[in-house]
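Undergrad: Sequence:
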Amino acid sequence: MQVLFVCTGNTCRSPMAAALMKQELKGTSVRVSSKGLFALDGEKASKGSIEALKKRGLNLELEQHKAQQITAKVLEDSDLILTMTTSHKDYLQRHFSETANKIYTLKEFVGEEGDITDPYGGSLADYERTASEIERLVKMAAIIIKRKMQMVLKVALGSDHGGFELKEEVRKYFDENGIEYEDFGCFSQESVDYPDIAFSVAESVAKGEYPVGILICGTGIGMSIAANKVPGIRAALVGDVYSAKMAREHNDSNILVLGGRVTGKNLALYIVETFLKTDFAGGRHAGRLKKISSHESC
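If you count by this note's numbering, then the sequence shown holds residues 1 to 298, one letter each, in order.
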């Protein structure tokens, strides 16, 4: 994955953001760089930026920095483009429309509004304020990026008697495709109470023991109602592939719910595949999810 930060001259904000992000994503395969809309190629990072990152141990990174102007090729090769201001974003989307869907302001990407102030020509205190703000935002962005990169290592899987047959098909699919899972039951078509299974799976996902879960009952309605009673759970009852994609991409759903008596096997497996392969888009959707999370604690 390639992350690109963009500001105006590539001497202050974007190189600071890139240096801070490299530190946050150290040990991952993510590559981080920075460019400027109107950069003078080869220009050094500003002294204020170097000093602001000195106490963070990143001054050497900026001392070696040389500004570079943005190009269409750089944008094309980048997977995520984060700008410092809305005007930077608008400029890129206007002049490089083919990459518009992967351009966000840094604040927008983490669910906030506004721009990052340009400290150019200001005092060291101005640079420090900007560096601190960028550092805070970068830490938040790094969490989102790591989650987008995260492979689903293990799925928490559960059903009641009404979803047992479809659960067995999902198990078979997992076994054939090398997807690790934990089966929380039930283990036969003998009648059980769906809330017990739903709570077991949902609580394990909420605790972080599993990245995602899959629950199946007759219609999926009971399981989704029960699972969503657990704080931190965003269980989505899905009956089509598009909704499976949107549940992850826009809603960051962490539990997929299926109806074993209303969804055919082939469609259900396609839904499962799509759900597990889709990443959360972040951006404006992150801000909306923060509103949901804040309401949980009311």
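Treat the hints with care, as some may be off.
Only pairs whose alpha carbons sit at most 27 Å apart, straight line, appear in this in silico DSSO-like list of lysine-lysine [unchecked claim]:
hint, residue 1, residue 2
1, Lys154, Lys73
2, Lys139, Lys154
3, Lys54, Lys66
4, Lys66, Lys172
5, Lys73, Lys54
6, Lys172, Lys265
What the hints contain is simulated information worked out from the structure, not anything from laboratory work.
It should be emphasised that the depicted structure is a prediction, and the values quoted were computed from it without experimental measurement.
Undergrad: Honestly, which of those hints from before does the structure not fit?
TA: Hint check: 1, 4, 5 fail, others pass.
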